[in-house]
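With chain R held as given, fit chain C onto it using these hints.
Chains as they are written, first to last, in the numbering used here: chain R, 1 to 447; chain C, 1 to 252.
Keep in mind that a hint or two might mislead.
[Said to hold, decoys possible] Computed Cβ-Cβ distance ranges for the label pairs, DEER-style:
1) C:E126 / R:E428: 23 to 31 Å
2) C:K10 / R:T87: 50 to 58 Å
3) C:R192 / R:E366: 49 to 57 Å
Simulated from the structure, these hints should not be mistaken for lab results.
All C-beta atoms, glycine included, are put in the ideal place defined by N, C-alpha and C.
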Amino acid sequence: MDVPVQQFTTKAEQHLLDLYQQSADALPGNAAIAALRKSAIETYAGLGLPHRRVEEWKYTDLRGALDSVPPLLADREIAAGEADLKTAIGTVFMGLPAYRLVIAAGEFRADLSDVEGLRKDGVEVGALSQLLESPPEWLTDSLKESAGRDDTVIALNTALMTAGIAVRLPEGLTLQKPIHLIHLDTPGNAGSIYTRNAVVAERGASATLIESFGTFGVAGMQRNAVTTVSLAANSAIHHLKLQREALETIHLNVWAANVGADARYNAFQVSMGAALARNQVYVRFDGENAATDISGATLARGTQHCDTTLVVEHNVPSCESRELFKLVLNDESRGVFQGKIVVAPNAQKTDGKQMSQALLLSETAEFDSKPELEIFADDVVCGHGATSGQIDEELLFYLRARGLPEAQARALLIQAFVGEAFEALDDEEIANAFTAVAAEWLGTPAE
Amino acid sequence: MLEIKNLHAKVDGREILKGLDLTIPAGEVHAIMGPNGSGKSTLSYVLAGKEDYEVTDGSVTWKGEDLLEMEPDERAAAGVFLAFQYPMEIPGVATMTFLRSAVNAVRKARGEEEFSTPDFLRTVKEKAKLLQIDIEMLRRPLNVGFSGGEKKRNEILQMSLLEPGLCILDETDSGLDIDALRIVSDGVNALRSPERSMLVITHYQRLLNYIVPDRVHVLSKGRVARSGGPELALELEKSGYAEYGQDEASAA
Numbered sequence: 001m002d003v004p005v006q007q008f009t010t011k012a013e014q015h016l017l018d019l020y021q022q023s024a025d026a027l028p029g030n031a032a033i034a035a036l037r038k039s040a041i042e043t044y045a046g047l048g049l050p051h052r053r054v055e056e057w058k059y060t061d062l063r064g065a066l067d068s069v070p071p072l073l074a075d076r077e078i079a080a081g082e083a084d085l086k087t088a089i090g091t092v093f094m095g096l097p098a099y100r101l102v103i104a105a106g107e108f109r110a111d112l113s114d115v116e117g118l119r120k121d122g123v124e125v126g127a128l129s130q131l132l133e134s135p136p137e138w139l140t141d142s143l144k145e146s147a148g149r150d151d152t153v154i155a156l157n158t159a160l161m162t163a164g165i166a167v168r169l170p171e172g173l174t175l176q177k178p179i180h181l182i183h184l185d186t187p188g189n190a191g192s193i194y195t196r197n198a199v200v201a202e203r204g205a206s207a208t209l210i211e212s213f214g215t216f217g218v219a220g221m222q223r224n225a226v227t228t229v230s231l232a233a234n235s236a237i238h239h240l241k242l243q244r245e246a247l248e249t250i251h252l253n254v255w256a257a258n259v260g261a262d263a264r265y266n267a268f269q270v271s272m273g274a275a276l277a278r279n280q281v282y283v284r285f286d287g288e289n290a291a292t293d294i295s296g297a298t299l300a301r302g303t304q305h306c307d308t309t310l311v312v313e314h315n316v317p318s319c320e321s322r323e324l325f326k327l328v329l330n331d332e333s334r335g336v337f338q339g340k341i342v343v344a345p346n347a348q349k350t351d352g353k354q355m356s357q358a359l360l361l362s363e364t365a366e367f368d369s370k371p372e373l374e375i376f377a378d379d380v381v382c383g384h385g386a387t388s389g390q391i392d393e394e395l396l397f398y399l400r401a402r403g404l405p406e407a408q409a410r411a412l413l414i415q416a417f418v419g420e421a422f423e424a425l426d427d428e429e430i431a432n433a434f435t436a437v438a439a440e441w442l443g444t445p446a447e
Numbered sequence: 001m002l003e004i005k006n007l008h009a010k011v012d013g014r015e016i017l018k019g020l021d022l023t024i025p026a027g028e029v030h031a032i033m034g035p036n037g038s039g040k041s042t043l044s045y046v047l048a049g050k051e052d053y054e055v056t057d058g059s060v061t062w063k064g065e066d067l068l069e070m071e072p073d074e075r076a077a078a079g080v081f082l083a084f085q086y087p088m089e090i091p092g093v094a095t096m097t098f099l100r101s102a103v104n105a106v107r108k109a110r111g112e113e114e115f116s117t118p119d120f121l122r123t124v125k126e127k128a129k130l131l132q133i134d135i136e137m138l139r140r141p142l143n144v145g146f147s148g149g150e151k152k153r154n155e156i157l158q159m160s161l162l163e164p165g166l167c168i169l170d171e172t173d174s175g176l177d178i179d180a181l182r183i184v185s186d187g188v189n190a191l192r193s194p195e196r197s198m199l200v201i202t203h204y205q206r207l208l209n210y211i212v213p214d215r216v217h218v219l220s221k222g223r224v225a226r227s228g229g230p231e232l233a234l235e236l237e238k239s240g241y242a243e244y245g246q247d248e249a250s251a252a
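Bound conformation, chain R alone:
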């Protein structure tokens, strides 16, 4: 296939193009989807892999991090049962009452998923690979919408997506239980996994979507996962993520949400796994009086690198955005927070606030924070802050003077630090589940 290419500088950049060229014919989708894929790979070919001289990737040199690219995974034959799910995701999350959907080794697993339950309760839901053969209009719109963004991760995802789910919540539907979408790697050989999910909430609909990423423990995986969320007027989506990939995995993730009038999009992410993780959240306000809350925590140790990059576009007046991220960085780990808030000239009465805070547990951990406020309207309230510090010795002494051994006192202070971000979770059961996995990371028993 003929794709015009800029001069690639690394082997991995060429591998990615090869991946497309070798598998294009076998990838799911009709002719229109094939054209979309081709256009996306051309976007990629024009951009190459981002590196530190690309401003948005200043602290995360993806080009430098990828030596090679493993083959594309789309394997429906792998053995994955209940026990594997528990091992990969943890019993706490598996215990949450939810409609479960599973994607393993780059394939949607109907046998492990509760598609029928969702349909019975009024949700339109399907496996992406099937829907791409004859995509409904709402899915095509959603795919095209995100393709419009000049983003390498999305471009590669559009070109190579093999599996995912597409969910449409009809007008006025309130889903009582969350949808729990489980992403697994593979018990076999390492590979590249490209998954794409599309969520559409029609007017007045509301639901919670939890995406959890777990591992069979395989090394050398590369994951690219994109979820687009489209919120019509007055709808609400709570979108939550638990990332516990294998420690050698490269994890690239994009959530892109377009938010209609009076709608609410809340995103919450906890990142614990992966060698390199890049979490991008794009939120664009299309209708007035809408709101978003994007919060979460990064827990990193060893040489882990975790980058959270948020872009909130206030394109219309009277919308509210809140961002709060907490990072706990140990050993030689590195945490990155980039938060961009763009306020268009007509977006008066915008209220945007952003905060990122890092707790450095070692001398060699590093936190890079880059707030960017681009404000073109004059009647707005916008603020940002970033802090980085160590455990407060005074507080530590206070706790120890009350009998807590040093390790326990430290863990309690770290938990308290992270806990502030968890206050964004208003569902108690879900909040407890996230708190429990964070406590597990800290080595303290859950309450």
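Relative to the frame of chain R, chain C by itself:
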């Protein structure tokens, strides 16, 4: 019994305690008074084991054991409790969670069984009531947004839950109005027992009207300058600390 002999201690390279001697037998309440900078708070921190307080000479034994060899949490387990002059605020830790962690850590270290949730709740409720602490207050983050009085009452609640053998009260009266002072003092007095020693550090005599000490010591320039009965406090109230001087720089 607490025995302090010839205690010398430095903070930031400056010697604050310069040969302090003090013995508190079991069951007795001793008050330490003195001008600002005489070393009162330093003594309390040294006893509790704060890291940046360096003991350069002397000894402290508690029930025959070398207190200075112990980590702060080991001292707590051994029964030493310091009620802080300025209790710390910890956002993100519910007061109740903190209390339970502390009580169970100490019980575990003492070889006692940890409290079950219902037992713990019952005990807290009982003790909180005595200090007129609303149980709702305990659901809030530790000391965050608490008034001065609430913080001090919370300190005494912790003291009563941890059942220490040595209570050190560091200017517990500071920042308290008369009603709060009475509640706190009642709480402290309820803990007086033949097995429990107390060291009440205060700048003012007022507190000692409520918590009547067995002995009063005047600290000056890092040493005990004078000791006497409760009447010594009244005398100081009249004469002030002029004759005991004030260190050039207040070391608090």
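Checked hints:
At about 28 Å, the beta-carbon gap between C:E126 and R:E428 stays in the expected band of 23 to 31 Å. Here the CB-CB span from C:K10 to R:T87 is close to 54 Å, well matched to the stated 50 to 58 Å. A hinted range of 49 to 57 Å holds for the C-beta pair C:R192 and R:E366, which are about 53 Å apart.
Going through the hint list in order, the structure satisfies each hint without exception.
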